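Participant: Sequence:
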Amino acid sequence: MCGPGGQAVARYVLQGAGQPCMATVGTLCRLALVTRRVGGDVVVDELAPRLRELIELAGVDAKVHVAG
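Numbering (numbering that gives the first Met the number 0), first residue to last: 0 to 67.
Because the hints were derived from the structure by calculation, they are not lab data.
Note that the structure is a prediction, hence the values are computed from the model and not measured.
Label-pair restraints from in silico Cβ distances:
1. Val37 - Gly17: 30 to 38 Å
2. Glu45 - Gly5: 17 to 25 Å
3. Gly38 - Ala16: 29 to 37 Å
4. Val33 - Ala66: 14 to 22 Å
5. Leu56 - Leu32: 16 to 24 Å
6. Val59 - Val37: 17 to 25 Å
7. Gly38 - Gln18: 31 to 39 Å
8. Pro3 - Leu56: 23 to 31 Å
9. Gly4 - Arg49: 29 to 37 Å
10. Pro3 - Arg49: 30 to 38 Å
Every residue, glycine too, gets a C-beta built ideally from N, C-alpha and C.
From just these sequences and the hints, can you work out the full model?
Facilitator: Structure, rendered in structure tokens:
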């Protein structure tokens, strides 16, 4: 998560068993919404190709910023 100035304020590793699914994308969207309410942002980097595809397929790549 990034604060209002763009600096990283928290870092988390997303991991789980199996392939990512739309529930993962939904969770990221909810996190992005809450973070934006306090002036921050969510940036996802080093993500699995399948998760990147799902984020783009859902059309939320503007809400959940994908680095790289």
